[in-house]
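Undergrad: Here's the letter readout for the chains.
Number of protein chains: 2
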Amino acid sequence: MRKVTVYITLKQGVLDPQGKAIQESLNSLGYNEIEDARVGKYIELKVEDGPALEARVTEMCDKLLANPVIEDYRFDVEEAWGL
Amino acid sequence: MRKVTVYITLKQGVLDPQGKAIQESLNSLGYNEIEDARVGKYIELKVEDGPALEARVTEMCDKLLANPVIEDYRFDVEEAWGL
Numbered sequence: 232m233r234k235v236t237v238y239i240t241l242k243q244g245v246l247d248p249q250g251k252a253i254q255e256s257l258n259s260l261g262y263n264e265i266e267d268a269r270v271g272k273y274i275e276l277k278v279e280d281g282p283a284l285e286a287r288v289t290e291m292c293d294k295l296l297a298n299p300v301i302e303d304y305r306f307d308v309e310e311a312w313g314l
Numbered sequence: 232m233r234k235v236t237v238y239i240t241l242k243q244g245v246l247d248p249q250g251k252a253i254q255e256s257l258n259s260l261g262y263n264e265i266e267d268a269r270v271g272k273y274i275e276l277k278v279e280d281g282p283a284l285e286a287r288v289t290e291m292c293d294k295l296l297a298n299p300v301i302e303d304y305r306f307d308v309e310e311a312w313g314l
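Going down the list, the sequences are from chains A and B.
One gets the working numbering by counting positions in the first sequence from 1 and adding 231 to each.
One gets the working numbering by counting positions in the second sequence from 1 and adding 231 to each.
Just so you know, these hints were derived from the structure itself, not from any lab.
Keep in mind that a hint or two might mislead.
Copies of the same chain look alike in the list, so a pair counts if it works inside one copy or between any two.
What the hints assert, rightly or not - For lysine-lysine, the following DSS-like pairs were computed, each having C-alpha atoms within a straight-line distance of at most 30 Å:
hint	residue 1	residue 2
1	K277	K251
2	K272	K234
3	K294	K272
4	K242	K272
5	K242	K294
Quick caveat: nothing in here was measured; it's all calculated off a predicted structure.
Construct all of the structure, not just a fragment, from the sequences and the given hints.
TA: Shown next as structure tokens:
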């Protein structure tokens with residue numbers, strides 16, 4: 232069993248209202264050192280090991296997990312689940 | 232300027248309907264090797280460097296970014312923004 236961690240972020244230049252709201256909230260709480268905030272998704276997958284693991288995870292990202300129009304993704308395959 | 236990446240995940244044992252939906256969708260697309268999926272938030276902060284940077288980011292997570300009842304968080308402080 233492998234652990235795959237997928238990171239999905241908005242492409243550069245795509246407006247991030249959620250990030251903007253976080254930045255403004257932090258500034259209003261007195262954390263003026265925060266200049267920008269970008270929010271993305273972080274998905275941990277528990278995957279049965281297999282020969283074409285990386286190719287299939289790429290397919291999963293392209294087909295379902297990320298929106299190719301506005302999002303970029305990358306993923307890490309870790310040795311084993313739970314370590 | 233520093234880049235701080237915050238990872239926010241649901242605590243173990245907290246139901247993750249979004250993760251469940253992703254797992255079932257991937258299985259229905261034929262990716263039966265997916266046994267579990269957990270979804271979290273991933274926030275990139277652009278932060279003016281300062282003496283108590285880590286302590287203040289911890290405060291930001293406790294006060295705003297993470298819900299301490301159902302979420303865990305960790306963060307990485309990177310050398311400089313944009314590298």
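Undergrad: For K272 vs K234, is the C-alpha pair at or below 30 Å within one copy, between two copies, both, or neither?
TA: The answer is both: 16 Å in one copy and 17 Å across copies each meet 30 Å.
Undergrad: As a check of your reading, is K277 near K251 (CA-CA no more than 30 Å) within one copy, between copies, both or neither?
TA: between (32 Å within a copy, 12 Å between copies)
Undergrad: For the identical chains here, do K242 and K272 meet the 30 Å Cα criterion within one copy, between copies, both, or neither?
TA: Both, since 13 Å and 16 Å are each at most 30 Å.
Undergrad: Between K242 and K294, at a C-alpha cutoff of 30 Å, which is it: within one copy, between copies, both, or neither?
TA: both (17 Å within a copy, 28 Å between copies)
Undergrad: Please work out whether the CA atoms of K294 and K272 approach to 30 Å or closer within one copy, between two copies, in both situations, or in neither?
TA: both (16 Å within a copy, 20 Å between copies)
Hint compliance for this structure: every hint is met.
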